[in-house]
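Please construct the entire structure, taking both the sequences and the accompanying hints into account.
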Amino acid sequence: MPPPVLRFAPSSNGFLHLGHAFSALMNFESAQRRKGRFLLRIEDIDATRCRPEFETAIYQDLAWLGVSWEMPVRRQSEHLADYRAALDRLAMLGVLYPSFESRAEIAALVKAREVDGAWPRDPDGVPLYPGTAKSLAATERERRLRSGAPFALRLDMEAACRLAGRLTWIERGSGPDGETGEVLARPEVWGDVILARKDIPTSYHLSVVIDDALQGITDVMRGQDLFGSTAVHRLLQKILDLPQPVYNHHDLIRDSDGKKLSKSSEAIGLGELRTRGMTPREVRSFVGLP
Numbered sequence: 001m002p003p004p005v006l007r008f009a010p011s012s013n014g015f016l017h018l019g020h021a022f023s024a025l026m027n028f029e030s031a032q033r034r035k036g037r038f039l040l041r042i043e044d045i046d047a048t049r050c051r052p053e054f055e056t057a058i059y060q061d062l063a064w065l066g067v068s069w070e071m072p073v074r075r076q077s078e079h080l081a082d083y084r085a086a087l088d089r090l091a092m093l094g095v096l097y098p099s100f101e102s103r104a105e106i107a108a109l110v111k112a113r114e115v116d117g118a119w120p121r122d123p124d125g126v127p128l129y130p131g132t133a134k135s136l137a138a139t140e141r142e143r144r145l146r147s148g149a150p151f152a153l154r155l156d157m158e159a160a161c162r163l164a165g166r167l168t169w170i171e172r173g174s175g176p177d178g179e180t181g182e183v184l185a186r187p188e189v190w191g192d193v194i195l196a197r198k199d200i201p202t203s204y205h206l207s208v209v210i211d212d213a214l215q216g217i218t219d220v221m222r223g224q225d226l227f228g229s230t231a232v233h234r235l236l237q238k239i240l241d242l243p244q245p246v247y248n249h250h251d252l253i254r255d256s257d258g259k260k261l262s263k264s265s266e267a268i269g270l271g272e273l274r275t276r277g278m279t280p281r282e283v284r285s286f287v288g289l290p
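So that you can map any letter, position 156 of the sequence shown is 156 in our numbering, and since no number is skipped, the others follow by simple counting.
Don't read these hints as lab results, they were simulated from the structure. Positions of the beta carbon are idealized from the N, C-alpha and C atoms, including for glycine. Misleading hints may appear alongside valid ones.
[What the hints assert, rightly or not] Straight-line C-alpha distance at most 27 Å; calculated BS3-like pairs for lysine-lysine:
no.	residue 1	residue 2
1	238	198
2	263	198
3	111	198
4	111	134
[Stated by the list, open to error] Pair by pair, the computed Cβ-Cβ distance ranges are:
no.	residue 1	residue 2	range
5	188	52	35 to 41 Å
6	105	251	34 to 40 Å
7	184	134	23 to 29 Å
8	271	144	35 to 41 Å
9	94	60	42 to 48 Å
10	258	123	29 to 35 Å
11	94	180	32 to 38 Å
12	126	48	18 to 24 Å
13	82	170	24 to 30 Å
14	49	166	34 to 40 Å
15	120	166	21 to 27 Å
16	108	184	30 to 36 Å
17	255	48	24 to 30 Å
Have a look at this one:
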């Protein structure tokens, strides 16, 4: 039986915090314990927010924690052709379509539809796509494309689910409600998700699935906040005929108010904690590792 392959895949759009330290150490030590491989991936597709200094800090912080990884590091910005190929295949399967609305236009559509009650939201609380781009006449769609109108590429969720059939995944951790073992995937609750943005020729959902397949990842260990997204990832794996990893969603590190640590909430970075005198041993103790 081949050795397991695990990965840690941070975005270079800010400094790593204690939550990242917990996930990186969990993955690294699981790979060591099981005589497997540990890979590092830099998710840097967002050119406006990802910066070289953040990437450099990732390497420094992980080395300080005692984490080592195989080379070379996969940087998503260097592999856009891989994501384009996947989009082309999805288009051939008939499960991809362009949507032309701006964020403001989508917000207005949601507001208009909420007159008669709450518009449905996805598991992250974001309103499902309310637009009509999927039903545009082919001639109108082509006219807009030829005119150079900016567009995002969305997954036709209904068509994709019909193509995939029943989906499950193996969960070795647990979901927020304690789900474990064989979990039924329900990607339809996410609506027609974006697979390529107007300003970025891919998305998190698409890139993570393609990267995991190309890197031979066998075990995906990540936070419980991504548990729900696994349904979309299983759908893409199935219709693109990609391998299915085993998943392990771990607890989140939270602040004193019970909220998960995040870059957006300006959680203290590992570099700052190091400057204040915290040691790797103290980091392990703080996040509950032996």
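Here is how each hint holds up against the structure:
{"no.": "1", "hint": "238 / 198", "result": "25 Å, holds"}
{"no.": "2", "hint": "263 / 198", "result": "24 Å, holds"}
{"no.": "3", "hint": "111 / 198", "result": "22 Å, holds"}
{"no.": "4", "hint": "111 / 134", "result": "20 Å, holds"}
{"no.": "5", "hint": "188 / 52: 35 to 41 Å", "result": "39 Å, holds"}
{"no.": "6", "hint": "105 / 251: 34 to 40 Å", "result": "39 Å, holds"}
{"no.": "7", "hint": "184 / 134: 23 to 29 Å", "result": "26 Å, holds"}
{"no.": "8", "hint": "271 / 144: 35 to 41 Å", "result": "46 Å, violated"}
{"no.": "9", "hint": "94 / 60: 42 to 48 Å", "result": "46 Å, holds"}
{"no.": "10", "hint": "258 / 123: 29 to 35 Å", "result": "19 Å, violated"}
{"no.": "11", "hint": "94 / 180: 32 to 38 Å", "result": "35 Å, holds"}
{"no.": "12", "hint": "126 / 48: 18 to 24 Å", "result": "20 Å, holds"}
{"no.": "13", "hint": "82 / 170: 24 to 30 Å", "result": "25 Å, holds"}
{"no.": "14", "hint": "49 / 166: 34 to 40 Å", "result": "37 Å, holds"}
{"no.": "15", "hint": "120 / 166: 21 to 27 Å", "result": "22 Å, holds"}
{"no.": "16", "hint": "108 / 184: 30 to 36 Å", "result": "35 Å, holds"}
{"no.": "17", "hint": "255 / 48: 24 to 30 Å", "result": "27 Å, holds"}
Checked against the numbered hints listed earlier, the structure breaks hints 8, 10; every other hint is satisfied.
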